[in-house]
Amino acid sequence: MADLRATNRAMFWRIIRRLLGANRGRVLVILLALGAGAAITAALLNLQVDAKRRLTSEFLAFGSNVIVAPRNAPDRTAESTTLEETLLDQVPATNEGNEVVRTGFLYLVADVTAFSSNTNSDAAERETPVVVTGYTGGAQQQMLDSSPTAPAIQTDGLPYCNLGARAASQLHVKMHDKLVLRNGKTEETCSVWYVLPYGGQEDNQIFVNIRTAQHLAGLPGRLSLVQATVLGTPQSIERYVAGLQQRLPNVDVRPIRQFTEGEARIYNRISGLLTATVGIVLLLTGLCVMAAMTNVAMERKMDVGLMKAIGGSVRRVLRLFLVEAALLGIAGGLIGGAAGIFLSIGLGKAVFGVAARPRLIVYPISVGLTVFVAILSAFPLRRLASIRPASLFRGEA
Amino acid sequence: MFLRLVADSFGRRPRHKLLTGAALALGMAVVTAALSVSLDVGDRLAKEFRSLGANLVVTPQADSLPLEIGGVDYRPVNAGAYLPEADLGKLKTIFWHNNIVGFAPILEVPVRTAILPKTISSAFAPSLSTTLIGTWSQHSIWTPDLQTRFVTGIEKTNPWWSVEGRWFSEDAAECVIGVNFARKTGRHIGDAILVQDGDKGQILEVAGILSSGGPEDDAVVAPIAIAQKISDKPGEYRRLYVSALTKPEDAFAKRDPKTFAPAEYDRWFCTPYISSIAFQIQQELPGTDVRVIRRVAEGEGQILTRVRMLLWLVTGAALLAAALAVGASSAASVIERRTEIGLMKALGAGSGTVGFLLAAEQLLLAFVGGGIGYALGILLARLLGQRIFGVAPEPTLLVFLVVIGLAATVTLLGCAIPLRRASRYAPAPILRGE
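Sequence order for the protein chains is Z and D.
The first sequence begins at 1 in the numbering used here and counts up by one.
The second sequence begins at 1001 in the numbering used here and counts up by one.
Next comes chain Z alone, as it looks inside the complex (with noise of 0.2 Å):
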C-alpha cells in the first residue's frame, strides 16, 4: 500500500516536471505576466505604505501646529503671562518617531531706528514701534519658513536680526542696514540679514536672538509662548497634545485647530485614495494572474481528456493543477515581487523626492497574494472535470 502511494507521488510530481517543462515558451509568458502583476503589486503597496508616512512629513510645510502658553491669570504681571525657559525641554521632543520641532518666542514691542548702511550719514529716521520677537534654537528656519535662505555667520559681531515684508518696508531698510530697537531704557543694535514675506503677522515683526529679546524686556529665562510642530497621523497628534496637557497642567496647551483639523481632514481624504488605489491594484493583479491561468486551462483540454481516459479520478486531476498553479504563482511573485519592490524605489524618488524604503512586509504580501490568485484562477478549471473524454478524443469538444 505504502509503495503505491511512493509510486503515486513519484508519478504525480513527474507529471507536474512535464506539464511545466513541455512548453517552455509557454510557461515563460504566463511567468512573465504573473511577474508583471506581482511586480505591480509589490511596487505600488510599497509606495502605499511609504506614501502615508511621507504625508504626515509633508504636513511640515505648514508649520507649528500646536501651542504651550501661559493661563490666562487675572492678574497680568510679567510671571504671569510668561513662561519660564525650562518648559521647552519638558516638551518631549519626538512623537511615534517623528521629531517634534520645538521654539519658545517672548514678544515685545520696542520703539525701533533705523540706520541706512549706504547714506553713511547716520541720520537715524524717526522712531516707530514694531513687535520684536525673539526665537530660540536654529528650528525657526521650520517654524516660519519653508524655503529658507540659510543665514550665515555676520562678520560685523552685531547680532542679526530678521525682518518680515512689511517691516522692513515701513522702516525703510535693506539687508545690512543697522537697527537700534529700545524698549524703555535697555537698547540693541542689531544688523539685518535678511528681509522675508511670511504672509502672516511675521510679516510685521523683526525677529532677534531670544536671549536679545529677553534682555530687551528685562525677562531673563522668560517665553511668551512655545510653539511646537507635531507630525503624525490626526490621532497621534491628539495624543502628543491630550500627553502635553498632563504634563504641563499649570499652563495651557492647545492645538491650532487651523492647521490640525485641515490636515486631520487632508490625511483622513488622502489616506481613502490611497486606500482605493491598493484595491484597484488587487483588482489588477488578480486580472493579470486570471488571462494568463486562462491560458493554461485551455490548454490542458486534451491532457485532462486522456488522463480521464486512463482512469485518473477527477479530484487527482484538479490536485494536479492546482500545485501547477502554485508553482507558477510562487515563481512568478518571487521574481515580480523583488522587481517591484526595486521598482518602488525609484517611483517613491520622482513622487516625493526621497527614495521610498523597501518594506520586507510587502514582498511576502505581493509573493502570497499572487499565489492566491493563481490558485482561484486555476478554479475555472473545475470545469474540466465534466470533460467526457470519448467526445473530446471524437473532437468534438
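Hints are computed from structural coordinates only; laboratory data are not their basis.
Take the hints with a grain of salt, since some may be wrong.
[To be verified] Dumping the calculated SDA-like pairs for lysine to any residue here, alpha-carbon to alpha-carbon at most 25 Å:
1. D/1254 to D/1211
2. Z/174 to D/1060
3. Z/52 to D/1067
4. D/1047 to Z/264
5. Z/301 to D/1418
6. D/1047 to D/1003
7. Z/52 to D/1304
8. D/1229 to D/1110
9. D/1229 to D/1418
10. D/1017 to D/1288
11. D/1017 to D/1392
12. Z/52 to D/1019
13. D/1247 to D/1095
14. D/1184 to D/1215
15. D/1233 to D/1356
16. Z/349 to D/1249
17. Z/174 to D/1067
18. Z/301 to D/1019
19. D/1229 to D/1304
20. D/1254 to Z/264
21. D/1092 to D/1046
22. Z/52 to D/1320
23. D/1254 to Z/60
24. Z/349 to Z/67
25. Z/52 to D/1017
26. Z/301 to Z/194
27. Z/52 to D/1392
28. Z/301 to D/1339
29. Z/349 to D/1304
[What the hints assert, rightly or not] Simulated restraints, written as ranges between beta carbons of each label pair:
30. D/1151 to Z/197: 28 to 36 Å
31. Z/349 to D/1394: 50 to 58 Å
32. Z/21 to D/1371: 29 to 37 Å
33. D/1368 to Z/301: 24 to 32 Å
34. Z/22 to D/1368: 41 to 49 Å
35. Z/250 to D/1143: 45 to 53 Å
36. Z/99 to D/1255: 27 to 35 Å
37. D/1062 to Z/187: 26 to 34 Å
38. Z/349 to D/1405: 28 to 36 Å
39. D/1081 to Z/250: 25 to 33 Å
40. D/1350 to Z/21: 33 to 41 Å
For each residue, glycine too, the CB sits at the ideal point set by N, CA and C.
For this one, chain Z is given, so just place chain D on it according to the hints.
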C-alpha cells in the same frame, strides 16, 4: 460572407467570447475608474485644502505697522488706515472670480464689556476688556457681472471656527462669544452683553459660543456694522481674508511677473496661480497690499503636486496591467483557433483576409467589452468618489474615448503577434493535427 463568418464565430462559442469580453470589460472598468478619479482628484483636493482657510490677506497699503501680539493689536484705535467695505463686491469681477471661494473683512475694536444682569435684582458683573471682532457671518453680495448673489463670510475663510448655537445674523444686534470669554463671564446662549468703547455702546444678544483654538476664544465676534458704529468707522474694515482655489506654483509661477515677456505674462495672468490672483485682487482694490499666506499656500501646493503625481503613477500602472491582461487573453483566443485558420487558408484565404477577419472580431469585442467596462468603471469611480470625497466625479467624454481607444489598441496588439505567426502556418500540418 465576411459578416457571416464574424457572426458565426460569436454565435458558435458564446461562452468563450464572453470570457474574453469579461476580461476586457473588467480591465477597462479599472482603467476608467482610475482615470476618472485621477482627473477629478486635483479639484477635489484643492477644495479640501480650503479647510485650511484663507490663503490671501488684504491690508491697507498706507497702514502703519500693526503691533499685534497674540491676536491683540496694541496700536491706538485711530492709528493706521482703513479700507472701504463697499468695494468688496469687485472681488467677484476679477478674471478668476469663480476661484474665489469666500472672503470676509475684519474690523477689530478694543472694547470693554459689561455683563448685563439676568434679573434686575442681581448686581452688574465687573467689566472686562476684550476685542470686538466685526465681520460677516452670512453676507450676500450682488455680483453685477454674473447677475447672481454670492454668499460669503467668516465661516468660509476660517472653516475651523466652530460655533455652538448659531452664528449671529448680520442685521441683528447679536454676537458670538469666544469660549474662554464665555467661561470667564459665565454667559450662555441667549444672555446679553454690553460692549462699549468710550461713550458708544451696544447691547448684544449671545447667539452662539465660538471655539477657534486661537485668540478669538477670548473675543466677542459681531456683525461688522456694529464694530463700525462703536469705533466710529462707518463702512470700513482693516483686514480682509480671501480663500481662493489655486494651481500649485511651479518654477514658472515663482518668477517675478515684471520680467515676463507679453506672451508669458498672459499665460501667468490666465493661470490661477496664487500670485496672479493676488495681483488681480490688488488691481481691483486700489491702495491695498495683497499678500499670500505662505504657510497655507506653500504647504498646499507641495502636497497637491505629490498626491497628483502618485495618482497618475497608479493610473499608469493600472493602464499597463490592464493592457497586459487584455492583450494576453486576446492572444490566447487567436492561438486557439489555429485549426480554423488552417482551414480558411486551405480554402484559399490569404493571410491578409484571415488577419482582417480576426482583427474585426477582436475590434467588435473591444468596443462591446470597452463600452461595458466604461459603464462599470463609472459606477466604480462614483463609488470611490462618493466614499472618499463625498462627491462623485463627473463622467467625461475624454475618459470614454481613451478607454475605447485603449481597448481597441490593446486587443489588436494582443492578437497581432499570434496572427503574424498564424500567417506563416502551412495549412496541411495543422489540419492533420500536428
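Evaluated hints:
Restraint check for residue 1254 of chain D and residue 1211 of chain D: not satisfied, since their Cα atoms lie roughly 36 Å apart, outside the 25 Å limit. A threshold of 25 Å between alpha carbons decides the hint, and for residue 174 of chain Z with residue 1060 of chain D the separation of about 22 Å falls inside it, so the pair holds. The hinted pair formed by residue 52 of chain Z and residue 1067 of chain D fails the criterion: a straight-line CA distance of about 40 Å is larger than 25 Å. Of the supplied pair hints, the one linking residue 1047 of chain D and residue 264 of chain Z holds, its CA atoms being roughly 14 Å apart against a limit of 25 Å.
Among the hinted pairs, residue 301 of chain Z with residue 1418 of chain D is consistent with the structure: their alpha-carbon atoms are about 20 Å apart, no more than 25 Å. Straight-line distance between C-alpha atoms of residue 1047 of chain D and residue 1003 of chain D comes to about 52 Å, which puts the hinted pair past the 25 Å bound. Taking the CA atoms of residue 52 of chain Z and residue 1304 of chain D, the gap is about 14 Å. The hint holds against a cut of 25 Å. About 13 Å separates the Cα atoms of residue 1229 of chain D and residue 1110 of chain D, which keeps this hinted pair within 25 Å; it holds.
For the hint pairing residue 1229 of chain D with residue 1418 of chain D, the CA-to-CA distance comes to about 84 Å; that exceeds 25 Å, so the pair is violated. Between residue 1017 of chain D and residue 1288 of chain D, the direct Cα distance comes to roughly 69 Å. Violation of the 25 Å bound is thereby established for this hinted pair. A hinted pair counts as satisfied when its Cα atoms are at most 25 Å apart, and residue 1017 of chain D with residue 1392 of chain D does not qualify at roughly 33 Å. This hinted pair does not check out: residue 52 of chain Z and residue 1019 of chain D have alpha carbons roughly 37 Å apart, beyond 25 Å.
A C-alpha spacing of about 15 Å is found between residue 1247 of chain D and residue 1095 of chain D, which places the hinted pair at or below 25 Å, so the restraint holds. Under the criterion of a C-alpha separation no larger than 25 Å, the hint pairing residue 1184 of chain D with residue 1215 of chain D is consistent with the structure, at around 14 Å. About 82 Å separates the Cα atoms of residue 1233 of chain D and residue 1356 of chain D, which puts this hinted pair outside 25 Å; it is violated. A C-alpha spacing of about 20 Å is found between residue 349 of chain Z and residue 1249 of chain D, which places the hinted pair at or below 25 Å, so the restraint holds.
Distance hint between residue 174 of chain Z and residue 1067 of chain D is fulfilled; the C-alpha atoms sit about 21 Å from each other, no more than 25 Å. Straight-line distance between C-alpha atoms of residue 301 of chain Z and residue 1019 of chain D comes to about 17 Å, which keeps the hinted pair within the 25 Å bound. Of the pairs offered as hints, the one joining residue 1229 of chain D and residue 1304 of chain D is violated, with about 43 Å between alpha carbons and a cut-off of 25 Å exceeded. With a C-alpha separation of about 29 Å, the suggested pairing of residue 1254 of chain D with residue 264 of chain Z is violated against the 25 Å cut-off.
Distance hint between residue 1092 of chain D and residue 1046 of chain D is fulfilled; the C-alpha atoms sit about 19 Å from each other, no more than 25 Å. Pair hint residue 52 of chain Z plus residue 1320 of chain D holds up; C-alpha atoms about 24 Å apart against a cutoff of 25 Å. Between residue 1254 of chain D and residue 60 of chain Z the CA atoms are separated by roughly 21 Å; this keeps the pair inside 25 Å, and the hint holds. With a C-alpha separation of about 34 Å, the suggested pairing of residue 349 of chain Z with residue 67 of chain Z is violated against the 25 Å cut-off.
Between residue 52 of chain Z and residue 1017 of chain D the alpha-carbon distance is near 42 Å, which puts this suggested pair outside the 25 Å criterion. For the proposed pair residue 301 of chain Z and residue 194 of chain Z, the alpha carbon gap of about 79 Å is over 25 Å, so the pair is violated. Straight-line distance between C-alpha atoms of residue 52 of chain Z and residue 1392 of chain D comes to about 23 Å, which keeps the hinted pair within the 25 Å bound. Restraint check: the Cα-Cα separation between residue 301 of chain Z and residue 1339 of chain D comes to about 15 Å, which is no more than 25 Å; the hinted pair holds.
Restraint check for residue 349 of chain Z and residue 1304 of chain D: satisfied, since their Cα atoms lie roughly 16 Å apart, inside the 25 Å limit. At about 31 Å, the beta-carbon gap between residue 1151 of chain D and residue 197 of chain Z stays in the expected band of 28 to 36 Å. The hinted range of 50 to 58 Å is not satisfied by residue 349 of chain Z and residue 1394 of chain D, whose Cβ atoms lie roughly 34 Å apart. Between residue 21 of chain Z and residue 1371 of chain D the beta carbon distance is about 42 Å. The supplied range of 29 to 37 Å is therefore violated.
At about 26 Å, the CB distance of residue 1368 of chain D to residue 301 of chain Z agrees with the hint of 24 to 32 Å. In this structure the hint that residue 22 of chain Z and residue 1368 of chain D lie 41 to 49 Å apart at CB is violated, the actual value being about 35 Å. Between residue 250 of chain Z and residue 1143 of chain D the beta carbons are some 51 Å apart, a value that agrees with the proposed interval 45 to 53 Å. Separated by about 34 Å at the C-beta atoms, residue 99 of chain Z and residue 1255 of chain D satisfy the suggested range of 27 to 35 Å.
Here the CB-CB span from residue 1062 of chain D to residue 187 of chain Z is close to 29 Å, well matched to the stated 26 to 34 Å. At roughly 31 Å, the beta-carbon separation of residue 349 of chain Z and residue 1405 of chain D lies within the given 28 to 36 Å, and the hint holds. A hinted range of 25 to 33 Å for the beta carbons of residue 1081 of chain D and residue 250 of chain Z is inconsistent with their spacing of about 41 Å. Take residue 1350 of chain D and residue 21 of chain Z: their Cβ atoms lie about 37 Å apart, and the range 33 to 41 Å holds.
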